[in-house]
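Starting from the structure of chain A, add chain B where the hints point.
Chain order of the listed sequences is A and B.
Counting along the first sequence from 1, when you hit position 88 you're at 87 in numbering that gives the first Met the number 0, and nothing is skipped either side.
Counting along the second sequence from 1, when you hit position 501 you're at 500 in numbering that gives the first Met the number 0, and nothing is skipped either side.
I should point out that these hints are in silico values taken from the structure, not numbers from a laboratory.
Hints are not guaranteed to be accurate.
[Unchecked claim] Cβ-to-Cβ under 10 Å is the rule here; a few derived chain B residues that face chain A:
1. G102
2. V328
3. Y428
4. A519
5. G576
Even for Gly, the Cβ is constructed at its ideal location relative to N, Cα and C.
Spelled out, the chains give:
There are 2 protein chains.
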Amino acid sequence: MSVYAAPLRDMRFVIDDVVGLGRVTALPGLDGTDSALVEQILAEAGKLAGGVLAPLNPVGDKQGSRLENGVVRTPDGFADAYRQFIEGGWNGAPFEEEWGGMGLPWLVATALQEMWQGANLAFGLCPLLTQAAIDALREVGTDEQKATYLPKLVTGEWTGTMNLTEPQAGTDLGAIRTRAEKVDDGSYRLRGQKIFITYGDHDFTDNIIHLVLARSPDGIAGTKGLSLYIVPKFLVNPDGSLGARNDAKPLSLEHKLGIHASPTCIMAYGENEGAVAYLVGEENRGIEYMFIMMNNARLAVGLQGLAVAERAYQQAADFARTRVQSRAVQGSTGSVSIIHHPDVRRMLLTMKAQIEAMRGLIYDVAAGIDIADRHPDAATRAGAQARVDLLIPVVKAWCTDTAIEICSTNVQVHGGMGFIEETGAAQHYRDARITPIYEGANGVQALDLIGRKVARDGGAAMQGFLADVDATLGALADADAPLAIIRDRLASGREALARATDWVVATMPTDPAAAASPSAVFLKLFGLVAGGWLMARSALAAREALASGANGDARYLETKLVTVRHYADHLLAQAPGLLAAIEAGGGTVMALDEDQF
Amino acid sequence: MSVYAAPLRDMRFVIDDVVGLGRVTALPGLDGTDSALVEQILAEAGKLAGGVLAPLNPVGDKQGSRLENGVVRTPDGFADAYRQFIEGGWNGAPFEEEWGGMGLPWLVATALQEMWQGANLAFGLCPLLTQAAIDALREVGTDEQKATYLPKLVTGEWTGTMNLTEPQAGTDLGAIRTRAEKVDDGSYRLRGQKIFITYGDHDFTDNIIHLVLARSPDGIAGTKGLSLYIVPKFLVNPDGSLGARNDAKPLSLEHKLGIHASPTCIMAYGENEGAVAYLVGEENRGIEYMFIMMNNARLAVGLQGLAVAERAYQQAADFARTRVQSRAVQGSTGSVSIIHHPDVRRMLLTMKAQIEAMRGLIYDVAAGIDIADRHPDAATRAGAQARVDLLIPVVKAWCTDTAIEICSTNVQVHGGMGFIEETGAAQHYRDARITPIYEGANGVQALDLIGRKVARDGGAAMQGFLADVDATLGALADADAPLAIIRDRLASGREALARATDWVVATMPTDPAAAASPSAVFLKLFGLVAGGWLMARSALAAREALASGANGDARYLETKLVTVRHYADHLLAQAPGLLAAIEAGGGTVMALDEDQF
Numbered sequence: 000m001s002v003y004a005a006p007l008r009d010m011r012f013v014i015d016d017v018v019g020l021g022r023v024t025a026l027p028g029l030d031g032t033d034s035a036l037v038e039q040i041l042a043e044a045g046k047l048a049g050g051v052l053a054p055l056n057p058v059g060d061k062q063g064s065r066l067e068n069g070v071v072r073t074p075d076g077f078a079d080a081y082r083q084f085i086e087g088g089w090n091g092a093p094f095e096e097e098w099g100g101m102g103l104p105w106l107v108a109t110a111l112q113e114m115w116q117g118a119n120l121a122f123g124l125c126p127l128l129t130q131a132a133i134d135a136l137r138e139v140g141t142d143e144q145k146a147t148y149l150p151k152l153v154t155g156e157w158t159g160t161m162n163l164t165e166p167q168a169g170t171d172l173g174a175i176r177t178r179a180e181k182v183d184d185g186s187y188r189l190r191g192q193k194i195f196i197t198y199g200d201h202d203f204t205d206n207i208i209h210l211v212l213a214r215s216p217d218g219i220a221g222t223k224g225l226s227l228y229i230v231p232k233f234l235v236n237p238d239g240s241l242g243a244r245n246d247a248k249p250l251s252l253e254h255k256l257g258i259h260a261s262p263t264c265i266m267a268y269g270e271n272e273g274a275v276a277y278l279v280g281e282e283n284r285g286i287e288y289m290f291i292m293m294n295n296a297r298l299a300v301g302l303q304g305l306a307v308a309e310r311a312y313q314q315a316a317d318f319a320r321t322r323v324q325s326r327a328v329q330g331s332t333g334s335v336s337i338i339h340h341p342d343v344r345r346m347l348l349t350m351k352a353q354i355e356a357m358r359g360l361i362y363d364v365a366a367g368i369d370i371a372d373r374h375p376d377a378a379t380r381a382g383a384q385a386r387v388d389l390l391i392p393v394v395k396a397w398c399t400d401t402a403i404e405i406c407s408t409n410v411q412v413h414g415g416m417g418f419i420e421e422t423g424a425a426q427h428y429r430d431a432r433i434t435p436i437y438e439g440a441n442g443v444q445a446l447d448l449i450g451r452k453v454a455r456d457g458g459a460a461m462q463g464f465l466a467d468v469d470a471t472l473g474a475l476a477d478a479d480a481p482l483a484i485i486r487d488r489l490a491s492g493r494e495a496l497a498r499a500t501d502w503v504v505a506t507m508p509t510d511p512a513a514a515a516s517p518s519a520v521f522l523k524l525f526g527l528v529a530g531g532w533l534m535a536r537s538a539l540a541a542r543e544a545l546a547s548g549a550n551g552d553a554r555y556l557e558t559k560l561v562t563v564r565h566y567a568d569h570l571l572a573q574a575p576g577l578l579a580a581i582e583a584g585g586g587t588v589m590a591l592d593e594d595q596f
Numbered sequence: 000m001s002v003y004a005a006p007l008r009d010m011r012f013v014i015d016d017v018v019g020l021g022r023v024t025a026l027p028g029l030d031g032t033d034s035a036l037v038e039q040i041l042a043e044a045g046k047l048a049g050g051v052l053a054p055l056n057p058v059g060d061k062q063g064s065r066l067e068n069g070v071v072r073t074p075d076g077f078a079d080a081y082r083q084f085i086e087g088g089w090n091g092a093p094f095e096e097e098w099g100g101m102g103l104p105w106l107v108a109t110a111l112q113e114m115w116q117g118a119n120l121a122f123g124l125c126p127l128l129t130q131a132a133i134d135a136l137r138e139v140g141t142d143e144q145k146a147t148y149l150p151k152l153v154t155g156e157w158t159g160t161m162n163l164t165e166p167q168a169g170t171d172l173g174a175i176r177t178r179a180e181k182v183d184d185g186s187y188r189l190r191g192q193k194i195f196i197t198y199g200d201h202d203f204t205d206n207i208i209h210l211v212l213a214r215s216p217d218g219i220a221g222t223k224g225l226s227l228y229i230v231p232k233f234l235v236n237p238d239g240s241l242g243a244r245n246d247a248k249p250l251s252l253e254h255k256l257g258i259h260a261s262p263t264c265i266m267a268y269g270e271n272e273g274a275v276a277y278l279v280g281e282e283n284r285g286i287e288y289m290f291i292m293m294n295n296a297r298l299a300v301g302l303q304g305l306a307v308a309e310r311a312y313q314q315a316a317d318f319a320r321t322r323v324q325s326r327a328v329q330g331s332t333g334s335v336s337i338i339h340h341p342d343v344r345r346m347l348l349t350m351k352a353q354i355e356a357m358r359g360l361i362y363d364v365a366a367g368i369d370i371a372d373r374h375p376d377a378a379t380r381a382g383a384q385a386r387v388d389l390l391i392p393v394v395k396a397w398c399t400d401t402a403i404e405i406c407s408t409n410v411q412v413h414g415g416m417g418f419i420e421e422t423g424a425a426q427h428y429r430d431a432r433i434t435p436i437y438e439g440a441n442g443v444q445a446l447d448l449i450g451r452k453v454a455r456d457g458g459a460a461m462q463g464f465l466a467d468v469d470a471t472l473g474a475l476a477d478a479d480a481p482l483a484i485i486r487d488r489l490a491s492g493r494e495a496l497a498r499a500t501d502w503v504v505a506t507m508p509t510d511p512a513a514a515a516s517p518s519a520v521f522l523k524l525f526g527l528v529a530g531g532w533l534m535a536r537s538a539l540a541a542r543e544a545l546a547s548g549a550n551g552d553a554r555y556l557e558t559k560l561v562t563v564r565h566y567a568d569h570l571l572a573q574a575p576g577l578l579a580a581i582e583a584g585g586g587t588v589m590a591l592d593e594d595q596f
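Chain A extracted, bound-state conformation (with noise of 0.2 Å):
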């Protein structure tokens, strides 16, 4: 059984050092936000996570969430730590005060997101997907709507989900059969099927607010005749009580490989009278909504991805501290725990290299995310963005897919007893399966990042980025060993990046095919970079704590340069190597016909 405590030490350094709390506590209406108060509040998080959200953990895994009479009844104690997780008001920490938000920076948001995420992938689903219902209806809906929803989902009273797969529909959303029908009173009656519906019934809350992207009354084909339509599970009186149930229930679950307390419905809509809808912003702009849902559920996804990767190694770290078995190959008096197995530190130092990477890069979005919301410059807000939206496919596939390499070391450094259910090592295995997966499978967002994210502007968004990493290159020019050691690598890496985004710009406009054929191999490679970028920071910041003495942090602060040039020999070293793949573009990819696969 695995047990999970917060990596709060982690957080606080790349909040408070890497990323630097200064840039978001300096944008207005964030101000209130210092280093001791989250201190604070990570702390009081953390017990929420360690000591209720992660022991359900593998009871959701085992008893799983079942439908019974048309309801979804969710395992053992989950009912219960939602609702300890609304009380704390942890529901709403990214949102406005005024809707019952605590105000939060996404930088600090974030960390929080991390703690519950890592505690209980399956559980923390359902705040994730309401948080996206949050950002929709923030973004466009009315200020009627705004009134009748956004309180009750802010604090977590009501639930959100998001509805846009079905059967024939998965990333072609224009094959998408689900129809809306205008009635008398301005609202909608929808009818059809939609699968893939991550928590679309549960037992937490009294009510449950879809939002349902579904064809609109003589909606053309394709994504342009979509549109985005609210569909509460109750309706809403005027007086803000509930009053009817709708026509929209949970079909059946998905019997999945894992997240097993997630209940995956397969939702119908309108079976009977249809499904009372309502309108959100205007008609058929119901895609570019669903990408206002999509983008932070990108990111929540990549730090999905670290979150499950950190729980991974926390369990493995333990394993290997407390098994003992075999002699050292250098030498000891009788057995050792297997930490002493140079093969088994590699291996965590690996995880552990590899998660500090994602979490300085995730931690660093985050602050992105406050700039381009709060920041007084237009110029800046816009310049904020372009790096959010260029970085958002890189956080989701590259940390995702990353997260399923830790968690199976994870497994490996347990041998035998990985392979046992009874261990737990083999659920963080089967529930980091889903990350590059849902909401835009990894070869979908290499796909937005070569084309929408580099080639669009002509490479512009990436030379800032490579710019700002120049700038780290330049603080580090006079460093020795072993700063020099990530210098010289992430030096390597970043000519390799700039090498490769000519090709994608050259290349996407004139053969696409050419460029989409190594994307993945692209956005592995900008991962490494900006991975190895956020890894010099770290150096960086390490040393320059260091030197102005910080006593007591001497020997936490000289692991951080350990695992940072680890990171530069096991895992940057490898980004030029990634080049031919690209520079080869479709010359394999697309040569043969589908009958020689």
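Just chain B, lined up with the frame of chain A:
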């Protein structure tokens, strides 16, 4: 649900053209096996694999084996399938006809084994372990033991098991506590518990022959006090009929991540009067005999990696050809099957390239076993054995690590459907996860490689390997593209491997912990280069066949050349990037104390 068709054409290409069937049929005792016979045997086996064993794969996953009233019941259909398997004579494929075997070369038997494992990994484990028991008895059994057990084991009328692990003794066999006591009739009584005993009990056959590693009477502590014992489930009367039930029984089955149909038993020996046991070979040489069983079993587990990867690839390609979703980035009039999307093609082609490299390598090692067993020249035999010994840890670890990647990619190709258990992709992802663990965890393989296989002889066996790579590079000296690409990347990989070898040979004697720190990275580098060597030989074979005007096969051979080039750009090109981690040695890995993780 995934189907499986034995990849007969690919198998024959490797056997006939890449490895060279002629190399083994030239050996004494194997001259009866020609290409036409091999084709016929493979086709016949393919029917059993695809028609009988493969459809049981999801059945086995869902039902699992159960322990009921002290007896293991395997899933519906398994016992009948086993009957068909042994009636076909397949169990004895590589063994002498005098024991009821087919007397086939290992090269051909390996292709057969690939089919059983690809069709049904959980089923295939049973004959895999019987084979290991046969290896030990053939090598060191007495004439009486051979006469009693070999005919039944070779035909598969009885099965064999390998009993090593105890709760405190996983990798560290020196910690074994199961103990033998000698009795007057020259036999022994065993007492102790063993865990992780694959097919420790089942309903396939009347009897099971357990080979058990236990501490000799008065055996000293550590591995040097261990002997190997035969413990039949039912004692065998002098006339060959079954006698009394032995004091050896399954206590419980493990609840595992995958291979559910394979009963993984906790075995109790001697809970009452003591389990009747017979010494194999000499006392206190148990570990040595165990390595006889283990060596071929390690090759077979590497082969399991290849086999489950092939099955996952077939499923991914089938799905990609039929699932229609979205327009193609290169333009299309409507939605297309996803095999037309470049990133999906990249995933498929990468899987295919990895699989072909693995198959080439494994079959080449199998041919090496034939040469080591049968070549008239002692020096040739010794040279072949050294090569087999060098490559077995690479086959075991690299092929199983790669298998996990491939099975994970198969899930990814399926998108959301891959995460739903009914699809079957998840089963391969779960099943494959055991392969890097059992028969010596991959970290143990890496340590074996750098220590016993590379450093111990000062790199001599490795120099022999590198010389063979050089010969292939020589044959490619005048090649144009696409063969020039594999040549150049193989040359770079070979240089990296040579440099890494020098480093290992120099470092191991003076600083074993430093040498061991990147041992898994070294093994991966070796795997990539060895795979590249086989792909280069595959390209040469395809070029030669094309030049000879094998018209009907031109399209097949052209596909091979594209696949080789893809391996060169997407996989082999990453080899030199691994040097940094190797040459960093223990610099980071050994730098931290255990509390710093």
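Against the structure, the hints:
1. G102: violated (35 Å)
2. V328: holds (5 Å)
3. Y428: holds (7 Å)
4. A519: Holds: closest Cβ of chain A sits about 6 Å from B/A519, inside 10 Å.
5. G576: Since the shortest Cβ distance to chain A is 3 Å, the answer is holds.
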